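Residue numbers for the sequence shown follow numbering that gives the first Met the number 0, beginning at 0 and rising by one.
Treat the hints with caution; some may be incorrect.
For lysine-lysine, the following DSS-like pairs were computed, each having C-alpha atoms within a straight-line distance of at most 25 angstroms [stated by the list, open to error]:
id, residue 1, residue 2
1, Lys216, Lys351
2, Lys331, Lys233
3, Lys59, Lys45
4, Lys188, Lys173
5, Lys216, Lys234
6, Lys331, Lys234
7, Lys216, Lys233
8, Lys175, Lys264
9, Lys216, Lys175
10, Lys264, Lys174
11, Lys351, Lys331
12, Lys233, Lys351
13, Lys233, Lys344
14, Lys175, Lys59
15, Lys181, Lys306
16, Lys188, Lys344
17, Lys264, Lys216
18, Lys331, Lys345
19, Lys173, Lys234
20, Lys216, Lys45
21, Lys174, Lys188
22, Lys173, Lys264
23, Lys181, Lys234
Please keep in mind that the hints were generated in silico from the structure rather than gathered at the bench.
As the structure is a computational prediction, the values presented were derived from the model and not from experiment.
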Amino acid sequence: MSLHEPCLLLSMITPRDEVDPEERIDEMTALIETRGGRVVDVFTQKREHPDPGHYFGRGKIEEIAAFLEQTPEITTIIVDSFLSPVQQRNLEEDFGRTVMDREELILEIFARHAQTREARLQVELAELEYLLPRLRNLWPHLTGQQGGFNFRGPGETQLETDRRAITRRIAALKKKLLHIEKIRGTQRKGRSRAFKVSIVGYTNAGKSSLLSLLCGKPLYVENKLFATLDTTVKKVFFPGTGEVLLSDTVGFIRNLPHHLVASFKSTLEELLYSDLILEVVDISSPVYRQKMDVVDQVLRELGAGDKPRLRAFNKCDLLTDEELSALESQFKQSEDALFISVLEKKNIEELKESIALRAGNKGHGSY
Numbered sequence: 000m001s002l003h004e005p006c007l008l009l010s011m012i013t014p015r016d017e018v019d020p021e022e023r024i025d026e027m028t029a030l031i032e033t034r035g036g037r038v039v040d041v042f043t044q045k046r047e048h049p050d051p052g053h054y055f056g057r058g059k060i061e062e063i064a065a066f067l068e069q070t071p072e073i074t075t076i077i078v079d080s081f082l083s084p085v086q087q088r089n090l091e092e093d094f095g096r097t098v099m100d101r102e103e104l105i106l107e108i109f110a111r112h113a114q115t116r117e118a119r120l121q122v123e124l125a126e127l128e129y130l131l132p133r134l135r136n137l138w139p140h141l142t143g144q145q146g147g148f149n150f151r152g153p154g155e156t157q158l159e160t161d162r163r164a165i166t167r168r169i170a171a172l173k174k175k176l177l178h179i180e181k182i183r184g185t186q187r188k189g190r191s192r193a194f195k196v197s198i199v200g201y202t203n204a205g206k207s208s209l210l211s212l213l214c215g216k217p218l219y220v221e222n223k224l225f226a227t228l229d230t231t232v233k234k235v236f237f238p239g240t241g242e243v244l245l246s247d248t249v250g251f252i253r254n255l256p257h258h259l260v261a262s263f264k265s266t267l268e269e270l271l272y273s274d275l276i277l278e279v280v281d282i283s284s285p286v287y288r289q290k291m292d293v294v295d296q297v298l299r300e301l302g303a304g305d306k307p308r309l310r311a312f313n314k315c316d317l318l319t320d321e322e323l324s325a326l327e328s329q330f331k332q333s334e335d336a337l338f339i340s341v342l343e344k345k346n347i348e349e350l351k352e353s354i355a356l357r358a359g360n361k362g363h364g365s366y
């Protein structure tokens, strides 16, 4: 997808949906803009369940195809769901356009934002595992023409050649990532005495900005999804407590592609070695509770659901006084919640005190 490329967004509404349709569309639009695209229009369809062959019903497909005839500038269609290889291929034949699903879109964003060698390897692994069952889409005629990875042996079609090359590359990537994981384990042992805090949250909640503020660094504010992919560990000295290790993690999102979860699993499992999980919540979001549920689900899947947790409700500067007062009353019984504003540096000292208190209770100094 090129910069500002016009895209058509397609979404399906089923009785089993737990997320408001408008919120889903808003989130997908933000993902597309993060990748550099521009949503020209949105088509939705209500169905009991997706069509196994074309995902959408025939009538809706004909409606979309007619619209595309009038808008030739649209070259990419993005579907807010995970498509099977067959569904993706059929839709591309229906529309005569490139069709991406939610997973491919997120993979492209991750590929663009990965900075460290480990993150780049993790993203490449996820991309290849996504691509492997879709090779037939790339070589529809299964001819023996030259191209692709070009490792063909006697009698192999291009499809077989590419599948073999990708399978080998996947094995090599897993081996490299295992080596990096062993090195990280050794590094972890070297800093085992310090109190460890892992900062987690839904993407774009303000995790990296908060980490910068706690470390006394220039404020990092970027209003886009998955701005940070690489796990960053910073040493911060807390008066009366001593050294505390703060680590940032990749942001979570609804329906995070399973290939990415698997590829980043070793990185995310660093949460298991934390003494405290600091969950940053964008309290200004109308669906902040659903986003908290997503974070809870991912933490449980990783085995970190029972870790001590402190919630920092960020972006309270975007609320009215009445809204903030109502939310503070709602959470006033919780000792594990603070309302903060990274942008206005509101209640940051109180947050530091709360972290230091927990570090002291764990025997890492006294506050």
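These are the hints, each one checked on the structure:
no.	hint	in the structure
1	Lys216 x Lys351	15 angstroms, holds
2	Lys331 x Lys233	31 angstroms, violated
3	Lys59 x Lys45	10 angstroms, holds
4	Lys188 x Lys173	23 angstroms, holds
5	Lys216 x Lys234	12 angstroms, holds
6	Lys331 x Lys234	31 angstroms, violated
7	Lys216 x Lys233	11 angstroms, holds
8	Lys175 x Lys264	14 angstroms, holds
9	Lys216 x Lys175	32 angstroms, violated
10	Lys264 x Lys174	14 angstroms, holds
11	Lys351 x Lys331	19 angstroms, holds
12	Lys233 x Lys351	15 angstroms, holds
13	Lys233 x Lys344	19 angstroms, holds
14	Lys175 x Lys59	46 angstroms, violated
15	Lys181 x Lys306	23 angstroms, holds
16	Lys188 x Lys344	34 angstroms, violated
17	Lys264 x Lys216	29 angstroms, violated
18	Lys331 x Lys345	17 angstroms, holds
19	Lys173 x Lys234	30 angstroms, violated
20	Lys216 x Lys45	48 angstroms, violated
21	Lys174 x Lys188	22 angstroms, holds
22	Lys173 x Lys264	12 angstroms, holds
23	Lys181 x Lys234	21 angstroms, holds
This entry does not satisfy hints 2, 6, 9, 14, 16, 17, 19, 20, going by the numbered hints stated previously.
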